[in-house]
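Whole structure, please, built from the sequences with the hints as guidance.
For what it's worth, my numbering labels the leading residue of the sequence shown as 3, then goes sequentially.
It is worth saying that the hints were derived from the structure and are not from the lab. All values reported here derive from a predicted model rather than from experimental measurement. Backbone N, C-alpha and C define an ideal beta-carbon position, used for all residues, glycine too. Fair warning: there could be bad hints in the mix.
[Stated by the list, open to error] Just the calculated beta-carbon pair ranges, DEER-fashion: (1) G298 with W104: 25 to 33 Å; (2) E285 with L328: 14 to 22 Å; (3) Q16 with I160: 45 to 53 Å; (4) R123 with A101: 17 to 25 Å; (5) Q174 with W90: 35 to 43 Å; (6) L122 with G100: 23 to 31 Å; (7) E177 with A101: 36 to 44 Å; (8) P17 with S226: 44 to 52 Å; (9) G246 with G182: 34 to 42 Å.
[What the hints assert, rightly or not] Quick list of in silico lysine-lysine cross-link-like pairs, PhoX-like style, CA-CA up to 20 Å: (10) K255 with K271; (11) K190 with K250; (12) K181 with K43; (13) K255 with K181.
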Amino acid sequence: MTNINLPQPFTARQPPSIVALAGGVGGAKLADGLAQILPPKALTIIVNTGDDFVHWGLNISPDLDTVCYTLAGLANPITGWGRMNETWNVFEQMERLGAETWFRLGDSDLATHLERTRRLRDGEPLSSITRDFCARWGIRHAILPMSDDPVATMVDTIEHGELPFQEYFVHQRCEPTVKGFRFEGVEKARPAPGVVEALRAADAVVFCPSNPWVSIDPILRIISHLLAKEAPGVRVAVSPIIGGQTVKGPAAKMFRELGIEPSALAVAKHYGESVLTGFILDEIDAEWMEDVRALGIHPFSTSTLMKSPEDRRSLARDVLHFIERLV
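Given below as structure tokens:
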């Protein structure tokens, strides 16, 4: 670690109240690390729903499910998404019947989508369904969708024009060249119940190491006015790019195709000093520390690669220590 004198291990009598913005595997891992340390009342996780879509007539919420499965201890430890010990009987029979099978749905995962779809069609909002699912999975921390209103992330590509995110991400395997992004419906989308209250009560907002373009930006489009008026002044982002690459996902590829050299510094610039107070980058990217500082953002470097639950907890502890220095 460099550039900052950390306090002794986090032992504050009153833990800080944190709102974490998350999407994807990296976001889920840090959210889990924070949940290992903070009591339920001190952590709210707001999750991207811009990549939600309908498949086989079912409402799928990939980021929301990844975060929930991870905190519940149900996630596939190899992929980071989907369910552990999954079986594929329904998927195999659907394939045999000629159904589209580019998006894999396991048997246990399928139950989540079946019940979510039934309740949505009965008029229950996504936030209420998510709250009930979390209770049944034993998750004590609050996990909120960014909105109960539909928002669809559209990826503008050179080869195919606009593609819904899952078409680009899964069906096309991120191969098309990215030109830009559009969040359909975001202008009308309102924060889900609990989002405003969580931001008002928070001591800090943490941007998890999720894809800035398609995981965090949709959330920011919905809560940006709240960040300006309601949220605390301490906002810390953790870079999803380590040594110019991402551990998972196409964020580095997206930066490159948009004409931006992928790096931790590029992520800091993407958010900017008007949004961020502090920025955490991996130790191997410590060379960017002064450049981040020049943006008007306080930098801090530590090990950000999360290969195990212990790594998640360690990074979460470093995030909380850094926040203590900035409050």
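Hint by hint, here is what the structure shows:
{"no.": "1", "hint": "G298 with W104: 25 to 33 Å", "verdict": "44 Å, violated"}
{"no.": "2", "hint": "E285 with L328: 14 to 22 Å", "verdict": "20 Å, holds"}
{"no.": "3", "hint": "Q16 with I160: 45 to 53 Å", "verdict": "52 Å, holds"}
{"no.": "4", "hint": "R123 with A101: 17 to 25 Å", "verdict": "20 Å, holds"}
{"no.": "5", "hint": "Q174 with W90: 35 to 43 Å", "verdict": "22 Å, violated"}
{"no.": "6", "hint": "L122 with G100: 23 to 31 Å", "verdict": "27 Å, holds"}
{"no.": "7", "hint": "E177 with A101: 36 to 44 Å", "verdict": "23 Å, violated"}
{"no.": "8", "hint": "P17 with S226: 44 to 52 Å", "verdict": "27 Å, violated"}
{"no.": "9", "hint": "G246 with G182: 34 to 42 Å", "verdict": "22 Å, violated"}
{"no.": "10", "hint": "K255 with K271", "verdict": "17 Å, holds"}
{"no.": "11", "hint": "K190 with K250", "verdict": "31 Å, violated"}
{"no.": "12", "hint": "K181 with K43", "verdict": "41 Å, violated"}
{"no.": "13", "hint": "K255 with K181", "verdict": "11 Å, holds"}
The structure is inconsistent with the numbered hints 1, 5, 7, 8, 9, 11 and 12, although it conforms to all the rest.
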